[in-house]
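**Q** Okay, here's what each chain looks like letter by letter:
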Amino acid sequence: MNIVSVKDLRKVYDDKPVVDGVSFSVKKGEVFGILGPNGAGKTTTLEMLETLRPIDGGSATIDGIDVAKNPDAIKRLIGVQPQTPAFQDKTTLKEVIELFAAAYGEKVDVLQFLRDVDLEEKAGNYVEQLSGGQKQRLSITTALVHGPKVFFLDEPTTGLDPQARRHLWDLIRTIRDKGVSVIMTTHYMDEAEMLCDRIAVMDNGKIVALDTPKNLIKALLKRGFKKTQQVEQANLEDVFIDLTGKALRD
Amino acid sequence: MNKSLYTILTFARINTRRFFRDRIAIFFGILFPLIFLFVFGGIFGNNSQANFHVSLINNSKSDFAKQFVDQLKKESAFKIDEDDKTLDAAKEKMVRSQIDATIILPDNFGAIDQATQTPKGQAEVYYTQNTQQSGQTMTTIIDGVFRDINKNITHAAEPFTVVGKQINQKSLTSFDYTFAGLLGFALLGMGIFGPVNVFPELKKQGILRRLSTTPLKVWQYFCSMAISQSIIGLVSIAVMFIVALTVFKLEVVGNVLVLVAFLVLAIIEILGIGLAIGGWARNERQAAPLSNIITFPMMFLSGTFFPRFLMPEWLQGATAYLPLTPVIDGIRYIVNEGYGLTQLGPQIGLMLGWTVVIYIIAFRVFRWE
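Respectively, the protein sequence lines represent chains A and B. Residue 2 is where the first sequence starts when you use the working numbering, and the numbers rise one by one after that. Residue 10 is where the second sequence starts when you use the working numbering, and the numbers rise one by one after that.
Just to be clear, a hint being listed does not mean it is correct.
[To be verified] Facing chain B, according to a computed beta carbon distance under 10 Å, are these residues of chain A, among others: (1) ILE56; (2) ASP57; (3) ILE79; (4) GLY80; (5) PRO86; (6) ALA87; (7) GLN89; (8) ALA102; (9) GLY106; (10) SER132; (11) SER140.
Honestly, the hints are just simulated from the structure, not real lab data. For every residue, glycine included, the Cβ atom is placed at its ideal position computed from N, Cα and C.
Take the sequences, apply the hints, and build the full model.
**A** This is the structure in structure tokens:
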């Protein structure tokens, strides 16, 4: 069942098409990755779906609701994780959750939401005392306070250490397993390969390929692609994790 | 509870708490206006009558001259300085405006006239081109002193005299004026510079943008700001009142509840200007100049630091309709003259009008990023 369907989506800045006829659909409980070099139109595509940018052409629906026509209803269906999460300082983690829930007019079990992202013991701390990874986790849980059906993440693991990245992957899988559809962008191919059920590769505002990671690799090999290097049994990241362990750091 | 109301109250509650945790915010919101209160209270607080700062050079050795000097020193309109020995030294001070004028008693002043057996002499008052008025006033005052002396010597009856009588009523002291202005200044500081400094930062960090992906409405956000700003503003003003009452002996005639209600309206009105500027500006470079262009003229033209009646008439007429003018006038009417809300109709009407206009603009120009 498709929860998100995008048809021929377009965005034009100064006569230059930034998103140029993008179409895809996302199933319920799927992690959908959007890859592409900087300036490919990934973030703009997300922002149109998030109601942050007006849609210049084409259409997008989430859970059957038209994004352009009913942004208020869409806002209640989606959770958004920005590229660099930031919170007003001198606010406790507890208050941050309260604020975001209140933005939806709701009152929630604050500690449960903090527990979900391993931040329960920091409930009384100010946000400025958190590390980058902890801020990411707090931001994720604030995006879920209202039980959204679609969760958008824009480069969620940029700047995180390998432990925090792995922890975030687990978190995203947990969210998916609860039936939430996840749409994310990333620059890390290993991340996309491990995490995403399907991937759209964008370039110059267009989708140039859309399939599961396995099929995309297969298709490439079928075209006769060969790596010049021998595939190694382990890489440097495996060494790093072996030396420093998988335990999450602050 | 209504969901919208819950949203507004939660944002207001946490925003207020954040203010009181932030030492820098407390400094600018509460201590900074207090510093101004002490500075201006220090300047205008002591209602001394010394209107003229005068250098006195007594070159005469007569008894009469000595008595005359003692008499002058008792005159409350003068602050007498006997440091200068020559007119040149005094002149230098006059040129620098350190003193208003110089009185010289020549060496023959008060010498006994052989013909009448009474003392006589002529005092000289020197003043500069810029202090003509003070010089002439002083000449008149000294003339009055001499007339009394002359009367005692000649015993001649004077057909026309004038006498000053104090009426049994207080007028506003300069501190009373200053205080209402300082409250206005504090309101400007919190209401305008608060959001103008905070919003661009929130936009830069993407905090407002993140909020815009939630169903939170601009009006809900503004309402929560208005509530917390009113609480913070009332606390700040209460502190100023306590200092003014205890240190500067401010006389309050009016009703405190009337004042609180009036101040809440004033805070909301002024905050709207800050919300409009901060909400419109994409960054500090847009916010800072615009807020200065709007705030500084208002600060000086609305009677914050000096009373508006000192302005030329055309300027008084024009500045009467500024958003801050009815606020300062109203505070003065309540605190010093005990006006009730009904008597403040013109002020409240003008403020409500501005509030509507300002918030319409603020809603229109608001940008989440």
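**Q** Failing hints, ascending?
**A** Failing hints, ascending: 1, 2 and 10.
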